[in-house]
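Q: Now for the letters of each chain:
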Amino acid sequence: MALTNRQTAPRIAGLEVNSLLAAGVLPPSRFQETRLSASPTPIHDLNGELLFYRVPILRGRVTDSYADVAAFPVFGGLLLRVATGLSWDEKALLKAAETAARKQKRSLKFDKTRFVAYSYPKVAVQFLLGDEEVAMLELGSWTQVPPARQRKADEPPSNFDRWSVIDEFPPLRQRESEKVLTERLRQWEELKISIDPRTIDATAYLRAVDAILAVRTETRQIAYSPIPGDHVPCFELRGQRTNVWCVAASVQMILDFYRYNYDQTRLATELGLGTLSNPNGLPYTDDNKVVTTLETMTANALDASMNTSPSWTQFRDEIRANRPLISFVPGHSRAVAGYTATRTLLWNTFRGLLVYDPWPPADGVITQWENFDATTYRRTFSAQVTLVP
Amino acid sequence: MGEPLQIVSVDREPAGWFVPLVDGEFLVAFLQFDERLTLLRHSRFPRPVDRRLWLDADAIAQRATSTFPDAQPVAAPFLTYDGNITRIAWALPVAGGTIFVAGDYAYYAAT
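Residue numbers (this note's numbering), protein chains in the order written: chain C, 1 to 389; chain X, 1001 to 1111.
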């Protein structure tokens, strides 16, 4: 699925170009008070996938620069390039390509044309009849791009070879790229900016962003109660007493918070984790024992629940309600008692959890902060006090 | 800030970096990065711990063999993790298994 579309590509290009201009990376003489076109050109990969959008940058009605924005997740960033001194007029280029193609082959029949990155970032115009390519001319030189050449497995493409940037990238790298770019998009989308990002104006952009940055840090920790002014933090770390009792230690931390103070060995017994001299971990199939233990050991004063798809929103909302959680990551369990969402850079929001980690055994550590976006979460367990009817 | 130590998997594949924050003879906190240098966490100990038990391979090997005196080491200890990447521990390969040392706590895992 494409990361951007015709509507979002100009906005993303505008945000990226505005931020580079505001940072002094792009020259104001060329970019200040320009505007990004609302009609970007889709550029396809050789394999047919939509690869990126080329967004013309206009000064009045004249264009002499453009920005490329990723659509397929094979790149390391959303903004691929900003080129100056080159006009980009999609219709004129297609017309020129058609004229050149007819000059080379008068009888050429086609029903569709499209722009193709035949050797990224070099672009050509591809002529199609149905789904079959009948010609492909390199942009500007209007030279016919030769058919694909057989290459050895480790041989890089040469200067005028056609090759697919998507097929050339390993799938693992694509997955990593998708993760990075999706996060970057999310952060741009979260930026509720009060200006039209397609208008390139560093002054207006900085003013709008400054207003946002001033309120972009939010940190909460478990306190004595939800009443403002009560002492923070109100949570204690318990180290696990054996190398496999992380769940018992996590349950102990939650119950301690609610003033149900049990020895860890007692909780281990309840969870079926053996004894100090012969301990065992909690099998995956017994995750729900955390729920029953939290309820049983409080005589149902706590109503516990398990969430199989933990999200940032859930962590945040529970902490806001002053309720600590148990978090399972693959192979480990910890307690979570706080969060922070801090915009450290314009394009980077750090989302962190305050984790009371029972590892290493006996001591444990307080992690302030765990990078939420770099961690895989498997389960959460939350609990709330049931009201007396 | 002490010297960063590489974390490897039990198969010795690179898995990240452990950057200790020390105060004299004590380890007070650490930073952990993945192999692409993404910051995973900043963690502090509730009380400062003896830095040798986390940073000195010889002291760690000694800690392992004092707990399991019959074990026969077959290789030098290395910094790794047990299961989850946040369960950092040193591993001392011994005949028939591995002794993991996490601070003052040592335990044996059969191969």
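Don't read these hints as lab results, they were simulated from the structure. Fair warning: there could be bad hints in the mix.
What the hints assert, rightly or not - Computed cross-link-like contacts, EDC-like style, restricted to lysine to aspartate or glutamate with a CA-CA straight-line distance of at most 20 Å:
1) LYS179(C) to ASP167(C)
2) LYS105(C) to GLU132(C)
3) LYS152(C) to ASP131(C)
4) LYS179(C) to ASP373(C)
5) LYS179(C) to ASP1056(X)
6) LYS179(C) to ASP1034(X)
Q: Decide, hint by hint, whether the structure agrees.
A: Status of the hints after comparison with the structure:
1. LYS179(C) to ASP167(C): At roughly 18 Å apart (the allowed maximum being 20 Å), ASP167(C) and LYS179(C) satisfy the hint.
2. LYS105(C) to GLU132(C): holds (17 Å)
3. LYS152(C) to ASP131(C): violated (28 Å)
4. LYS179(C) to ASP373(C): Holds: LYS179(C) and ASP373(C) sit about 10 Å apart, inside 20 Å.
5. LYS179(C) to ASP1056(X): violated (37 Å)
6. LYS179(C) to ASP1034(X): With a Cα-Cα distance of about 15 Å, the restraint between LYS179(C) and ASP1034(X) holds, given a limit of 20 Å.
Hints 3 and 5 from the list above are not met by this structure, while the remaining hints are.
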